[in-house]
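Participant: Sequence:
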Amino acid sequence: GSAFKPFVLAAAFEQGVPPTQSYSSASPYCSPLWDDEDNCVENAEGSGSGTVDLWTATEDSINVVFAQLILDIGPETVPPVASKMGVSNDLPPVASLATGSAEVSPLDMAVGFATLANGGMQCNPYTVESIKRDGKELYEHKPDCEQALRPDIAHQITAMLERVPVSGTAASAFSEGWGAWPVAGKTGTADLNKAVWFCGYTRQLATAVWVGSNGNPYSLGDVFGGTVAAPIWRAYMIRVMQGLAVQGFPAPPPPPTATVPDVVGVPRDKAVDRLAEAGFNASIVEVDSLRPEGIVASQTPAGGTTTDLGIAVRLEVSTGTPPETEVPGTISLAEEAARAALEQAGFVVAVVYEEVKDEAKEGTVVRQDPTGGTPAAEGSTVTIVVGKKPAEAA
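Per my numbering, the sequence shown starts with residue 1, numbered consecutively.
Treat the hints loosely; a few may be bogus.
[Unchecked claim] Computed cross-link-like contacts, EDC-like style, restricted to lysine to aspartate or glutamate with a CA-CA straight-line distance of at most 16 angstroms:
#	residue 1	residue 2
1	Lys388	Glu343
2	Lys388	Glu362
3	Lys361	Glu336
4	Lys389	Glu362
5	Lys388	Glu359
6	Lys388	Glu324
Honestly, the hints are just simulated from the structure, not real lab data. Quantities reported herein were computed from a predicted structural model and do not represent experimental measurements.
Make the full structure from the sequences, and use the hints.
Facilitator: Written as structure tokens, this is what we have:
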């Protein structure tokens, strides 16, 4: 299940992917490279919520984002990293690893999560700490450890997993009370709800909880890792942690930054390519604009802005249709004031002068076309009729 996603994050961060990398969360996501019958993957909760970064995708366990991530880095990059972190069985290099399709034992999951808690240092599991007889120590276990991940990668993943018990998929389990110990973890639910997981750790201890049927898996019904496995983990770990000091996790590294290229006025596809070359994604929205169809009318953040690498830059791409706006009413305004109001609203102003008998109307607008309050295309012409003094008779 999704409890495997931290291993995918580790592989991605080793490839240089930033945690602020953003993807569409629209569900389903389909690709010929996805190893499923219909080549599609769906979110557990159905539809997505726009473009999200890896922080949010981890917190909310968004399957389609991890599907896109593993296809970007290559499924073959994940098994070697998982092995370094403590997974003992051979994993197939397939895209569905992103949603935890491979079988991994609870012990291996606990070792992998302990690697994160230990700053990337992986230690082989053991069962006997020491043997003593008559006060004499006959055997003492010597830790067998090696650095599997860079510490900054382990700290980054830990910071992301800290959100899960607070506001993510395990929040309901921890809302009943936990304690002052910082905690990080990840929920998981296998296909057809045949097993549920919660793997987590404090600074001192890591524990994996698996609930399922080992011999003949069957659906557990409407259950998830956050509703079954996480409460078991919490109840157990509260007792285990009693008497242990409150220790915080090391801070994650600062996110890498880059300068956003200016792509306003550039065709859509070229704009997307330029953003990708600079390390950014694009979020496309079509808008009515005076620019030709398919041209970027505006962008957020603006070109030249320095921001987190990998974020989605919002591009407003023109439909080729001028936007409509309400024509300001200018009747009785002085000519200059009327012209300024219309130009500020995006209209071209044409002025016609007409003799008026009322001296008070001289120099002011007596009529306009289109009338005030009428919708009209930006850049279109509004004609104002300005009163003038009648010519003197010969």
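Participant: If a hint holds in the structure, say so; if it doesn't, say that too.
Facilitator: Comparing the hints with the structure gives:
| no. | hint | in the structure |
| --- | --- | --- |
| 1 | Lys388 to Glu343 | violated, 22 angstroms |
| 2 | Lys388 to Glu362 | holds, 5 angstroms |
| 3 | Lys361 to Glu336 | holds, 14 angstroms |
| 4 | Lys389 to Glu362 | holds, 6 angstroms |
| 5 | Lys388 to Glu359 | holds, 8 angstroms |
| 6 | Lys388 to Glu324 | violated, 32 angstroms |
This entry does not satisfy hints 1 and 6, going by the numbered hints stated previously.
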